[in-house]
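Peer 1: Just need the whole structure built from these sequences, with the hints factored in.
Quick mapping for you: the protein sequence lines, in order, are chains A and B. Numbering of the first sequence is given in the numbering used here, commencing with residue 1 and proceeding in unit increments. Numbering of the second sequence is given in the numbering used here, commencing with residue 333 and proceeding in unit increments.
Quick caveat, the hints were computed from the structure, so don't treat them as lab data. Don't take every hint at face value.
Restraint-style ranges between C-beta atoms, simulated for each label pair [stated by the list, open to error]:
# : chain 1 : residue 1 : chain 2 : residue 2 : range
1 : A       : Ile318    : B       : Gln353    : 34 to 40 Å
2 : B       : Gly490    : A       : Arg8      : 28 to 34 Å
3 : A       : Gly139    : B       : Ser590    : 49 to 55 Å
4 : B       : Ala594    : A       : Gln142    : 37 to 43 Å
Calculated from the model, a selection of chain A residues having no Cβ within reach of chain B, i.e. all distances over 10 Å [to be verified]:
#  : residue
5  : Ala21
6  : Ile116
7  : Arg143
8  : Leu188
9  : Glu236
10 : Gly248
11 : Val314
12 : Ser315
13 : Met321
Bear in mind the structure is a predicted one, so any value in this text is a computation, not a measurement. Every residue, glycine too, gets a C-beta built ideally from N, C-alpha and C.
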Amino acid sequence: MKQSYFARRLVMFFVVVILAATLNFIIPRLAPGDPIGAVLEELRARGASTGGDAEDEIVAAYRARFGLDQPVHVQYFRFLFNTLRFDLGHSISYYPQKVEAALLRSLPWTVGLLAISTVMSFAAGSFFGAMMAWPRAPGFMQRFVPMFMVLSAVPYYLLGLILVYIFAFVMRLLPLGGAYSSGTIPQLDLDFLLDVIRHGILPALSIVLTSVGFWALGMRGVMVTVLGEDYLTLAEAKGLPDRRIFFGYAMRNALLPQVTSLAIALGTVASGSVLVEVVFNYPGIGWLLYNALRSSDYYMVQGVTFFLILTVAVSVLIVDMIYPLLDPRIER
Amino acid sequence: MSQDIALQVNNLRVSYVTGDQEVKAVDDVTFSLYPGERLGIVGESGSGKTTLALALMKLHKPPAYIRGGEAILDGGDILALDREAMRQTRWSKLSLIPQGSMNSLNPVVKIKHQMADAIEAHERGWTRGRIAKHIGELLGRVGLPDSVAEMYPHELSGGMKQRVCIALAIILEPSVIIADEPTSALDVVVQRVVMQTLNDVQEQLNAAMIIIGHDMGLMAQSADRLAVMYAGKMVEVSPIGSFFSDPQHPYSQLLISSLPSAEEKRELTAIPGSQPSLLELPPGCAFHPRCPLAVERCRQEIPLLRDFSGARRAACHLVEEQGA
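Peer 2: Okay, structure coming up:
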């Protein structure tokens with residue numbers, strides 16, 4: 001039973017990855033414009049001379065260099081093969097930089113910012129939500145409900161802009177953007193770490209504040225249902241202490257649907273990071289994608305989207321793997 | 333029956349409060365429970381049986397409120413206890429076999445942990461080994477293999493879950509067990525076996541047991557005495573034998589004549605009408621609109637539960653007049 005469950009999850013994972021790679025191949029090719037043209041356009045804008053025949057030759061040479069002169073199916077299989085080797089090709093606008101190198105450089109920033117703020121938001125939101133439904137919780141807990149509702153309706157990039165305006169622009173307490181002060185060299189020491197944390201507060205806050213309400217309200221809803229279950233009455237009849245009933249019986253069961261939501265939310269969080277990173281000039285995956293899109297950098301866009309899908313697939317796989325530990329009924 | 337009493341309930345009143353209206357779900361209920369005795373409580377849905385059971389453990393939730401009365405257990409009134417004292421009393425002196433045994437076990441926790449936490453909550457200072465041994469023993473007593481301890485509730489059948497609940501109820505050897513419709517979710521064959529198990533463990537423990545239900549056949553087999561509730565009041569309490577051979581209250585008489593009998597062949601009769609809404613109780617005896625014997629006095633004066641010959645009690649003007 002157990003083996004087949006994990007085996008099926010793994011197979012699903014690979015199917016998702018291959019499908020994602022395929023879609024990833026198709027979608028940029030449906031978009032108008034072509035990458036070589038975009039580069040030439042840029043050159044022209046800078047006043048570079050354009051000779052008729054010479055230009056055609058340049059275009060042909062570049063098309064051959066990037067494999068764009070091949071039939072579509074050849075391009076596809078070559079792409080699939082390379083993708084599975086995690087060879088995502090060269091960036092067009094920053095040639096000859098490799099896409100995966102750019103990705104790996106941006107990754108720690110995005111993971112650090114998003115993973116930490118999502119986990120914080122999930123933990124705090126679930127706990128607050130559970131307390132809001134708990135009849136013996138302090139009364140002021142109820143006052144959080146409207147606040148969370150309002151916050152969860154605000155888009156995080158908007159809240160990000162407001163936070164930047166108040167705390168960075170007007171009060172000058174925190175930096176305007178970036179992941180670390182310009183001029184410092186990234187290295188692992190305390191000063192640099194503190195600098196990174198100072199830069200991370202506002203982007204993280206805008207994500208946490210706008211998503212904590214989602215977790216809290218979701219948890220409150222499930223918790224109310226769980227509190228009406230017969231096993232809670234029996235737990236109380238057994239004379240268990242409140243703390244044990246709250247954590248071991250009520251929250252333990254109410255968390256199950258929350259974990260499912262977490263797997264789904266991780267997807268939107270990863271792709272939604274684009275806007276936060278743009279607002280805060282944060283050098284993560286989102287910033288990379290934003291720039292790649294503006295310069296029609298096919299390979300970079302493909303690389304980043306594929307990577308985002310991979311992130312979602314991996315997080316769903318992880319949740320799938322730990323779910324049977326949380327809910328023994330799921331192991332079928 | 334003048335020996336010591338396991339649980340003495342006096343004038344217990346429980347109300348549901350909705351807006352400015354108050355519904356008396358349990359109205360002035362008084363009864364005694366003797367050690368080793370099985371007291372059956374029967375009544376229609378909404379007659380206050382389960383509210384009574386929950387109130388005795390102080391597990392009632394708003395909008396239900398205890399409006400008065402006392403429940404003396406071990407020389408003290410448990411209804412007057414504060415939260416922490418009540419928590420300690422629960423399960424160690426007074427345990428519950430719940431109505432919905434199907435959903436009464438935490439679905440994500442192994443049986444052994446759900447049993448162990450009842451012991452740990454009452455700080456008996458037992459070692460892990462002793463707890464594990466005790467759990468194995470209890471499972472054996474209710475006819476389950478040791479391996480059940482390692483299982484999750486979804487791996488058990490309905491009958492097995494109910495047996496786990498029975499084992500759980502006696503884990504701290506309480507002096508009173510309240511079984512709230514312990515077999516209502518089971519089929520008749522399993523019902524009989526589970527009821528037998530429940531009676532066996534109760535006898536071994538010499539605990540007093542309240543069995544709540546509406547299955548008169550099951551009551552006839554298990555209970556020593558039977559109490560009948562109607563519209564929040566106890567209308568008759570009699571030893572089981574004389575209850576079936578010579579019911580006192582007209583409601584009890586009608587209940588029995590609505591049951592099929594193996595010995596005599598007769599037409600089964602239904603009780604006319606239905607239980608009145610607790611919001612609009614008729615004046616006088618709540619049963620008088622449905623009572624074939626009702627007289628003028630029944631429409632004006634609420635009858636009290638009085639003692640009659642043979643340890644029997646009934647709340648009816650007619651019984652009172654005949655007996656006097």
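Peer 1: Give a verdict on every hint.
Peer 2: Hints and how they fare:
no.: 1; hint: A:Ile318 / B:Gln353: 34 to 40 Å; verdict: violated, 53 Å
no.: 2; hint: B:Gly490 / A:Arg8: 28 to 34 Å; verdict: holds, 30 Å
no.: 3; hint: A:Gly139 / B:Ser590: 49 to 55 Å; verdict: holds, 50 Å
no.: 4; hint: B:Ala594 / A:Gln142: 37 to 43 Å; verdict: violated, 59 Å
no.: 5; hint: Ala21; verdict: holds, 37 Å
no.: 6; hint: Ile116; verdict: holds, 28 Å
no.: 7; hint: Arg143; verdict: holds, 20 Å
no.: 8; hint: Leu188; verdict: holds, 41 Å
no.: 9; hint: Glu236; verdict: violated, 6 Å
no.: 10; hint: Gly248; verdict: violated, 7 Å
no.: 11; hint: Val314; verdict: holds, 25 Å
no.: 12; hint: Ser315; verdict: holds, 22 Å
no.: 13; hint: Met321; verdict: holds, 17 Å
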